[in-house]
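Student: Protein chains in written order, with numbering that gives the first Met the number 0: chain A, 0 to 475; chain B, 0 to 95; chain C, 0 to 477.
Just so you know, the hints here were simulated from the structure itself, not pulled from any lab data. No experiment lies behind these values; they were computed from the predicted model shown. All C-beta atoms, glycine included, are put in the ideal place defined by N, C-alpha and C. Wrong hints could be hidden among the right ones.
[To be verified] A short list of chain A residues far from chain B (calculated; beta carbon distances all over 10 Å):
no., residue
1, D155
2, I234
3, D313
4, Y331
5, P364
6, L405
7, D415
8, N437
9, N443
10, G455
11, L465
[To be verified] Quick look at which bits of chain A chain C covers, simulated, 3 or more residues with Cβ under 8 Å:
no., region
12, 47 to 55
13, 68 to 82
14, 86 to 98
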Amino acid sequence: MKEYDLVIGLEIHAEIDTKTKAFCFCKNEFGALPNTQVCPICLGLPGTLPILNKKAVEKCIIAGLVFGCDINEETIFERKNYFYPDLSKSYQISQFQKPICKNGGIKLKNGKFVRFNRIHLEEDAGKLIHKDDCDETLIDFNRGGVPLIEMVTEPDLSNSNEVIEFLTNLRRILLYSGVSKCIMQEGGLRFDINLSVKEKNTDNLGVRVEMKNLNSFKAVKKAIEYETNRQIKEIESGNQIIQETRAWNDEDEITYGIREKENVNDYRYFPDPDIVPIKISKHDIESIKKNIPETYFDRIIRYKRLGLSDYEIDTLTDEKFIADYFDEVLKYSSNYKEIANWMMTEILRITKEMPNTDIAKLISPESLAYIIDLIITKQLTRNNAKILFEQIINTGKEVKNLIKELDLIGDVNKKDIVDLMGHLINENPNIVKSYKDNPEDIINYCIGRIVKSTNGKAKIEYIMPLIKEILKSKIN
Amino acid sequence: MKNNITLEDINYLSELSAIEFNEEEKKELISQVNNIIAMLNECAEVDVSNVSNETFELLSELREDEVKVSLDKDEVLKNAPRKSEGYFVVPKVVDL
Amino acid sequence: MNLENKSVLELLDLLKAKKISAVELTKYYIDRIKKFNYKNAVLEIFDDALLQAEKCDLIINTKKILPKLIGIPVLIKDNILYKGKISSSGSKMLENYVAEYNSTVVQKLLDEGAIILGRTNMDEFAMGGSCENSAYGPCKNAYDDTKVSGGSSGGSAVAVALDMCAFSLGSDTGGSVRQPASFNGIVGLKPTYGRISRYGLCAFASSLDTVGIFTKDVKDNAFLLSILAGDDKLDGTSKKAKVDSYIDYLSDNINGKKIAIIKEVQELVKKTKYYNIYQKVLNYCQNHGAILTEVSIKNYTKVLPVYYTIAPAEGSSNMGRFDGVKYTSNVKDCKNISEIYSKTRSKFLGKEVKRRIMLGNFVLSSEQYSSYYLKAKNISIMLKKEFEKIFMQNDIVFMPTTYGEAFDIGSKTQDPVSMYIEDMFTVTANIVGIPAISIPIGVGENGLPLGLQVLSAELNEKELYCMANFVFLHRGEI
Numbered sequence: 000m001k002e003y004d005l006v007i008g009l010e011i012h013a014e015i016d017t018k019t020k021a022f023c024f025c026k027n028e029f030g031a032l033p034n035t036q037v038c039p040i041c042l043g044l045p046g047t048l049p050i051l052n053k054k055a056v057e058k059c060i061i062a063g064l065v066f067g068c069d070i071n072e073e074t075i076f077e078r079k080n081y082f083y084p085d086l087s088k089s090y091q092i093s094q095f096q097k098p099i100c101k102n103g104g105i106k107l108k109n110g111k112f113v114r115f116n117r118i119h120l121e122e123d124a125g126k127l128i129h130k131d132d133c134d135e136t137l138i139d140f141n142r143g144g145v146p147l148i149e150m151v152t153e154p155d156l157s158n159s160n161e162v163i164e165f166l167t168n169l170r171r172i173l174l175y176s177g178v179s180k181c182i183m184q185e186g187g188l189r190f191d192i193n194l195s196v197k198e199k200n201t202d203n204l205g206v207r208v209e210m211k212n213l214n215s216f217k218a219v220k221k222a223i224e225y226e227t228n229r230q231i232k233e234i235e236s237g238n239q240i241i242q243e244t245r246a247w248n249d250e251d252e253i254t255y256g257i258r259e260k261e262n263v264n265d266y267r268y269f270p271d272p273d274i275v276p277i278k279i280s281k282h283d284i285e286s287i288k289k290n291i292p293e294t295y296f297d298r299i300i301r302y303k304r305l306g307l308s309d310y311e312i313d314t315l316t317d318e319k320f321i322a323d324y325f326d327e328v329l330k331y332s333s334n335y336k337e338i339a340n341w342m343m344t345e346i347l348r349i350t351k352e353m354p355n356t357d358i359a360k361l362i363s364p365e366s367l368a369y370i371i372d373l374i375i376t377k378q379l380t381r382n383n384a385k386i387l388f389e390q391i392i393n394t395g396k397e398v399k400n401l402i403k404e405l406d407l408i409g410d411v412n413k414k415d416i417v418d419l420m421g422h423l424i425n426e427n428p429n430i431v432k433s434y435k436d437n438p439e440d441i442i443n444y445c446i447g448r449i450v451k452s453t454n455g456k457a458k459i460e461y462i463m464p465l466i467k468e469i470l471k472s473k474i475n
Numbered sequence: 000m001k002n003n004i005t006l007e008d009i010n011y012l013s014e015l016s017a018i019e020f021n022e023e024e025k026k027e028l029i030s031q032v033n034n035i036i037a038m039l040n041e042c043a044e045v046d047v048s049n050v051s052n053e054t055f056e057l058l059s060e061l062r063e064d065e066v067k068v069s070l071d072k073d074e075v076l077k078n079a080p081r082k083s084e085g086y087f088v089v090p091k092v093v094d095l
Numbered sequence: 000m001n002l003e004n005k006s007v008l009e010l011l012d013l014l015k016a017k018k019i020s021a022v023e024l025t026k027y028y029i030d031r032i033k034k035f036n037y038k039n040a041v042l043e044i045f046d047d048a049l050l051q052a053e054k055c056d057l058i059i060n061t062k063k064i065l066p067k068l069i070g071i072p073v074l075i076k077d078n079i080l081y082k083g084k085i086s087s088s089g090s091k092m093l094e095n096y097v098a099e100y101n102s103t104v105v106q107k108l109l110d111e112g113a114i115i116l117g118r119t120n121m122d123e124f125a126m127g128g129s130c131e132n133s134a135y136g137p138c139k140n141a142y143d144d145t146k147v148s149g150g151s152s153g154g155s156a157v158a159v160a161l162d163m164c165a166f167s168l169g170s171d172t173g174g175s176v177r178q179p180a181s182f183n184g185i186v187g188l189k190p191t192y193g194r195i196s197r198y199g200l201c202a203f204a205s206s207l208d209t210v211g212i213f214t215k216d217v218k219d220n221a222f223l224l225s226i227l228a229g230d231d232k233l234d235g236t237s238k239k240a241k242v243d244s245y246i247d248y249l250s251d252n253i254n255g256k257k258i259a260i261i262k263e264v265q266e267l268v269k270k271t272k273y274y275n276i277y278q279k280v281l282n283y284c285q286n287h288g289a290i291l292t293e294v295s296i297k298n299y300t301k302v303l304p305v306y307y308t309i310a311p312a313e314g315s316s317n318m319g320r321f322d323g324v325k326y327t328s329n330v331k332d333c334k335n336i337s338e339i340y341s342k343t344r345s346k347f348l349g350k351e352v353k354r355r356i357m358l359g360n361f362v363l364s365s366e367q368y369s370s371y372y373l374k375a376k377n378i379s380i381m382l383k384k385e386f387e388k389i390f391m392q393n394d395i396v397f398m399p400t401t402y403g404e405a406f407d408i409g410s411k412t413q414d415p416v417s418m419y420i421e422d423m424f425t426v427t428a429n430i431v432g433i434p435a436i437s438i439p440i441g442v443g444e445n446g447l448p449l450g451l452q453v454l455s456a457e458l459n460e461k462e463l464y465c466m467a468n469f470v471f472l473h474r475g476e477i
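Between the sequences and the hints, there should be enough to build the whole structure, so can you do that?
Tutor: Okay, here's the thing in structure tokens:
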């Protein structure tokens, strides 16, 4: 059996989180009715001109800074000319000769540094909707003109695990720096993979195949594995690999070649005469730096210092809004371990049950902190805490009111227990008789009854010795 | 630099331009475009090695990220030859 | 009242003094347009022109403070968008295209109370110098039906020359305002690049396009530029510089003004029949205190190939959007999207536009880019610097607008290069980005008008108008 090396390079497109599109004043927002977030500019009507969005450039610079790129002092925008129905002007405004950022990269756990070639700013195209039942394609230009960063790596990756680790980090870094929301289901983060297979210990370069437009980590992993196997099979059957572009079919989990026009690659790039070249000064960069939110790596370090485990950190930081919520709760309570526990269980559970809901609206960080502090100070039992939590989520009522309403807090003293046990024994004198033969069952039975009749307030560790004492005294 | 445009070049450019020409038009184009290119080639002798662009805009002068009203809904598809339920329509696109 | 050939400023006085009404004036111009219909200068009279005029009269009769152009009827070139009106850029491609929005210049006209009478004929997508490339037939010269009007803004020039409007707007990418102004004996300005917003001007070559103004005299022109110029948030290339009230600076004194003459231009002019009259103008100015200096720009003649590289390149890209998907014209029953593109573009674009798209794609194609487009861009930067140097020592540059009078219709249509060469003196201001104005200075041997170009430094329209006004007012004595 021959052995093979994989050579993988990536092109990643991330939608930049801005209020408006890259070159016009339209809302940059997902999910509106078709062609309702369009204007003469992004529709490319005659006579319209692109007006570059400062925020989009600044966020591209932030991306460059968080990945350790060099920021070009001068940057220019170019037109990439080709005909396609999702492209309103028949050219895409992109960057070619002088992108905003060059170099930089991400270090993997195994020590490998994956280099970026460049990060540039460009506009997204509209969306094509292919109808199955007829011979038509529909065009929605709402996405047309949305700002994107395109990140191009060098072919430094060698297997799908590295790719996934790289992309996981990349996504989180972008997310925490506020550059992109990276919502993959909405196409907010998309991947092109360049992959070639070459025989180990030879100098023969493989033939590069490009896979376009993957939009989940799962698809990336599967596509790499499928394509690797396919290429090895081809090589071993003595066939030539064709340099081509392939698409990924998510249902059948296969890649397939897509026909491209011969001349389609001559994009006739030239500087867009409608956009004056931009000067980015050291001062610009310094003031942008000041406004970068806490980076992903800084957040990890802070959580480590708190004493969270790697697993907890990994889980909590996967989505920024969860980590942000965690930080909010931390503002009201210092019991970080207990908070982390609640985050990992209850909070993660409700974000899965109710995606796209603002957790803070379901339960304010202050309320959660309050509950947690009650647990730690043993005023509230864990069981009652869960009941309280559920009730807040379901009713939206205020935490303190609910505690009163449900009577979840209060001291249960020795006299209360003596009285309750007296009641129990009166009701059922057999308890005392059976205790001799079967003490454990009887104690558990009594605990259950007393917890219930005290509305859960009675703490087991407190009432157990009392119950034993009372039962023992009755026998004698 | 090029001195002579051929039929092959014309076919290539015609595809890039998304314009069809018949044989006669192509013949005429070859001779006309060649005449024009001969004129354009006068630039070849000029030395531009020390030239660089000096027109710039400062980053701080770019437009702020503020939403303004989009196009009136009725206007969007007004001129479209084929439309349906708020969409522009084209024949089914198969290739990527 | 005799309204013939009144200037904008004269008409404003009459309107404000209520000696004429806006309706009266509008009717007068509509009659003139109809009378000269055969020239093919005006493509459409907007059906609400008289309604606009009535509104103006109401304002004049009720308001004390009046907008600056109240009641003044104007014609606009067919590539300047006016919301709700067809704007076809002289092309079959946009035959039924109704503008969805107002261009910045139209908005300014409307805000100042002007009456937009209609739209004028032009070379398709402003690609041409004779108005023979209009999909709606050529526009004829104001003085001779066998001669071209010039172009591309031929219709707008003829309309002012034959008094079909108080003034008109055109666009100038390589001489499209100045050359027809010269051929029809009127005043035509191409301002500094970015001086007047391009928003809503259907683009030909974005780095060269300007909106220009046709008037009957220099004073009107200066007055109008002050109204139409200015920074625009919708045009990223518009200039932020202050706009002056240019008419306040017009004087009859050119004593001590420094005029530069370019040696390489002189050599070209010497061979023409234009030389005599041109020389007389120079002498006249010298006799009135101007200081003439000859300067040299070694690569001057390269402006023409530079222009015919940059303009088609940008044009080919700008024409891409006309693909049959978003605008009215397309070929029905196409099997696939590629067919829609190629059949629509082949059917609805004219010969010259197709030729320039092909040429543009040639100079931009990956193999040719650096030897053509990039080179031309660099030469244009060189030329810009040369002119900056000249304007450090001089106030004004003089040159002819054209080689001669208007030529015969059909005489140059078969040979594109012969047509392109006509632009030798006008493309310079576009390549360099500086303002230039063409003013009538006399007639040639065929009895047709000839124009002189006055050029000044970037954003220095003040100086340009001063000199142009002097020559214009004294043209009878030359």
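Student: Each of the hints needs a verdict: does it hold here or not?
Tutor: To see whether the hints hold, each was checked on the structure:
1. D155: Non-interface label stands for A/D155: nearest chain B Cβ at 26 Å, farther than 10 Å.
2. I234: Since the minimum Cβ distance to chain B is about 25 Å, A/I234 lies beyond 10 Å and the statement holds.
3. D313: Correct as stated: the minimum Cβ-Cβ distance to chain B is 33 Å, above 10 Å.
4. Y331: Non-interface label stands for A/Y331: nearest chain B Cβ at 33 Å, farther than 10 Å.
5. P364: holds, 29 Å
6. L405: holds, 45 Å
7. D415: Answer for A/D415: holds, closest chain B Cβ roughly 62 Å.
8. N437: With a cut-off of 10 Å, A/N437 remains clear of chain B, as the shortest Cβ separation is near 73 Å.
9. N443: holds, 64 Å
10. G455: holds, 51 Å
11. L465: Correct as stated: the minimum Cβ-Cβ distance to chain B is 66 Å, above 10 Å.
12. 47 to 55: holds (count 5)
13. 68 to 82: holds (count 3)
14. 86 to 98: holds (count 4)
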